[in-house]
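Trainee: These protein sequences, in sequence, are chains A and B.
For what it's worth, my numbering labels the leading residue of the first sequence as 1, then goes sequentially.
For what it's worth, my numbering labels the leading residue of the second sequence as 1, then goes sequentially.
In case anyone wonders, no lab produced these hints; they're calculated from the structure.
Among these hints, one or two may not hold up.
Unchecked claim - No farther apart than 27 Å at their CA atoms in a straight line, the calculated lysine-lysine pairs in the DSSO-like style are these:
1) B:Lys-73 x A:Lys-128
2) A:Lys-144 x A:Lys-77
3) B:Lys-73 x B:Lys-134
4) A:Lys-144 x B:Lys-142
5) B:Lys-73 x A:Lys-77
6) A:Lys-172 x A:Lys-213
7) A:Lys-128 x A:Lys-144
8) A:Lys-78 x B:Lys-160
9) A:Lys-213 x A:Lys-155
10) B:Lys-134 x A:Lys-144
11) A:Lys-172 x B:Lys-160
To be verified - Just the calculated beta-carbon pair ranges, DEER-fashion:
12) A:Met-67 x B:Gly-19: 52 to 58 Å
13) A:His-102 x B:Met-146: 42 to 48 Å
14) B:Arg-234 x A:Gly-101: 27 to 33 Å
These numbers come from a predicted model, not from an experiment.
Virtual Cβ for every residue (Gly too), placed ideally from N, Cα, C.
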Amino acid sequence: MSIEIKKGWSREEMAQKIARDIPDGAYVNLGIGLPELVANFIPEGREVIFHTENGLLGVGPSPVKEMEDDELINAGKKPVTAIKGACFFHHADSFAMIRGGHIDICVLGAFQIAKDGDLANWSTGEPKAIPAVGGAMDLVEGVKTIYVITQHTTKNGDPKIVESCTYPLTGKGVVDRIYTDLAVIDVIDRGLIVREMAPGIDKDYLQRNTAAKLHWA
Amino acid sequence: MINKVVKTPLEAVAGIFDGATVMISGFGEAGSPIELIHALIDQGAKNLTVISNNTGNGHIGLAALIENRQVSKMICSFPRTQHSVVFPELYRKGEIELELVPQGTLAERIRAGGAGIPAFFTPTSVNTPLAEGKEVRMFDGKPFVMEYGLKADFALVKCKTADTYGNLLFNKTARNFGPIMCMGARHAIVQASQVVEAGLIDPEIVVTPGIFVKKIVEVSNPVSENQLILEERRYP
Numbered sequence: 001m002s003i004e005i006k007k008g009w010s011r012e013e014m015a016q017k018i019a020r021d022i023p024d025g026a027y028v029n030l031g032i033g034l035p036e037l038v039a040n041f042i043p044e045g046r047e048v049i050f051h052t053e054n055g056l057l058g059v060g061p062s063p064v065k066e067m068e069d070d071e072l073i074n075a076g077k078k079p080v081t082a083i084k085g086a087c088f089f090h091h092a093d094s095f096a097m098i099r100g101g102h103i104d105i106c107v108l109g110a111f112q113i114a115k116d117g118d119l120a121n122w123s124t125g126e127p128k129a130i131p132a133v134g135g136a137m138d139l140v141e142g143v144k145t146i147y148v149i150t151q152h153t154t155k156n157g158d159p160k161i162v163e164s165c166t167y168p169l170t171g172k173g174v175v176d177r178i179y180t181d182l183a184v185i186d187v188i189d190r191g192l193i194v195r196e197m198a199p200g201i202d203k204d205y206l207q208r209n210t211a212a213k214l215h216w217a
Numbered sequence: 001m002i003n004k005v006v007k008t009p010l011e012a013v014a015g016i017f018d019g020a021t022v023m024i025s026g027f028g029e030a031g032s033p034i035e036l037i038h039a040l041i042d043q044g045a046k047n048l049t050v051i052s053n054n055t056g057n058g059h060i061g062l063a064a065l066i067e068n069r070q071v072s073k074m075i076c077s078f079p080r081t082q083h084s085v086v087f088p089e090l091y092r093k094g095e096i097e098l099e100l101v102p103q104g105t106l107a108e109r110i111r112a113g114g115a116g117i118p119a120f121f122t123p124t125s126v127n128t129p130l131a132e133g134k135e136v137r138m139f140d141g142k143p144f145v146m147e148y149g150l151k152a153d154f155a156l157v158k159c160k161t162a163d164t165y166g167n168l169l170f171n172k173t174a175r176n177f178g179p180i181m182c183m184g185a186r187h188a189i190v191q192a193s194q195v196v197e198a199g200l201i202d203p204e205i206v207v208t209p210g211i212f213v214k215k216i217v218e219v220s221n222p223v224s225e226n227q228l229i230l231e232e233r234r235y236p
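Take these sequences, add in the hints, and give me the full structure.
Mentor: Here you go:
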């Protein structure tokens, strides 16, 4: 028996959806990897200031190779630039911005998201793995709005949106909205509310690939 | 006469003793005081507890200090990075201890230690495995975890400019943990690309006040950690 696999939005389209939901004037922290794509799609005329937890407010685009600077990097340790009006600060100030609720939006990746907004994105809990947490737990507790960007299922086709996370938690009840290749889903008190589905994706297919009950707006 | 300047990195790290706790600045390849760490390898102090965000890269700097078996415990937030090979191997063999701390908690523990605050409550890590066994208290109806301030015997820090009083300026995102580690350590040792006479840094723009700094050594052209890794260099 063959399992039907439908193609939804591309990574770029997912990033574009998030970028459109970031309002003018927002201070935004982007996680490592897929979330970094969001910076490329901020609509024209909107001013958004990107924060990186290693001490820069006003992250600019990636530099050309010859302009790379070892001492100007983002949280993913990749070379970046600083925009005009940027500022540098030490780690305690940086996490005061995060924990103190001064950052408006954070976009993070996920291993699993539970229907009540629990997020697991730092450890698969395997005994052989080297545990590493970085700033994820501070971000989910401190930033006002948490967006998750992720493929809807794992490479093996297992749902990432679940009743309750089996991986160690990053934070409890912290996720506000999930952007996947198949849908945009809000996490609110009564559960998971589907706001939008990718072209060609229907309710049955989306529910089959989600291990928690979905509701439609 | 106050003059905190010493001539060589080796002279700067001479007082670090076996069993000391040492904070080491840097985030990824930015801001790590490679020359001071290499001097510490030459100096040979053992059984160190090191507080640093990562565990070093390749076989140089902090990674080399670990590889040289001078570190018995790491306190950090992200012990594996793209170029980190030494720590993961020793950790899997059970030959080095790890205390994993969320990055913001690590920063605040260091700041608190330096500011005379023995412990504080943070929302970070509530309901996660990293809060297990820790005191949780409710404030305004929300749970917070108690974390202890961190103090160290020494800090090794890299900066761009220091004056002879120890006032410091940093370079871009290489600032990271430098200023708070100077606060958190009883004896902060700083390598600066440039050392100037006191009075030549505008008091309005000093990042780290000199009171937090004990020793300064000029390393005018610090090595690029990235370049050393690219060349697959080892230390010693």
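Trainee: Now look at each hint and say whether the structure bears it out.
Mentor: Right, here's what the structure says about each hint:
1. With a C-alpha separation of about 18 Å, the suggested pair B:Lys-73 and A:Lys-128 falls inside the 27 Å cut-off, and the hint holds.
2. Of the pairs offered as hints, the one joining A:Lys-144 and A:Lys-77 holds, with about 25 Å between alpha carbons and a cut-off of 27 Å not exceeded.
3. Among the hinted pairs, B:Lys-73 with B:Lys-134 is consistent with the structure: their alpha-carbon atoms are about 20 Å apart, no more than 27 Å.
4. Between A:Lys-144 and B:Lys-142 the CA atoms are separated by roughly 15 Å; this keeps the pair inside 27 Å, and the hint holds.
5. The suggested pairing of B:Lys-73 with A:Lys-77 holds, with an alpha-carbon distance near 24 Å, which does not exceed 27 Å.
6. Simply put, A:Lys-172 and A:Lys-213 have alpha-carbon atoms about 19 Å apart, close enough for the 27 Å limit, and the pair holds.
7. Proposed proximity of A:Lys-128 and A:Lys-144 is contradicted: the alpha carbons are some 34 Å apart, above 27 Å.
8. Pair hint A:Lys-78 plus B:Lys-160 holds up; C-alpha atoms about 21 Å apart against a cutoff of 27 Å.
9. Pair hint A:Lys-213 plus A:Lys-155 holds up; C-alpha atoms about 22 Å apart against a cutoff of 27 Å.
10. For the hint linking B:Lys-134 to A:Lys-144, the alpha-carbon distance of about 25 Å falls within 27 Å, and the restraint holds.
11. Using a Cα cut-off of 27 Å, the hinted pair A:Lys-172 and B:Lys-160 is violated, with the two alpha carbons roughly 41 Å apart.
12. Between A:Met-67 and B:Gly-19 the C-beta distance comes to about 44 Å, which lies outside the given range of 52 to 58 Å.
13. Judged by the Cβ atoms, the range 42 to 48 Å given for A:His-102 and B:Met-146 is violated: they are separated by roughly 23 Å.
14. A C-beta distance of roughly 45 Å is found between B:Arg-234 and A:Gly-101, which places it outside the suggested range of 27 to 33 Å.
Of the numbered hints listed earlier, those contradicted by the structure are 7, 11, 12, 13, 14.
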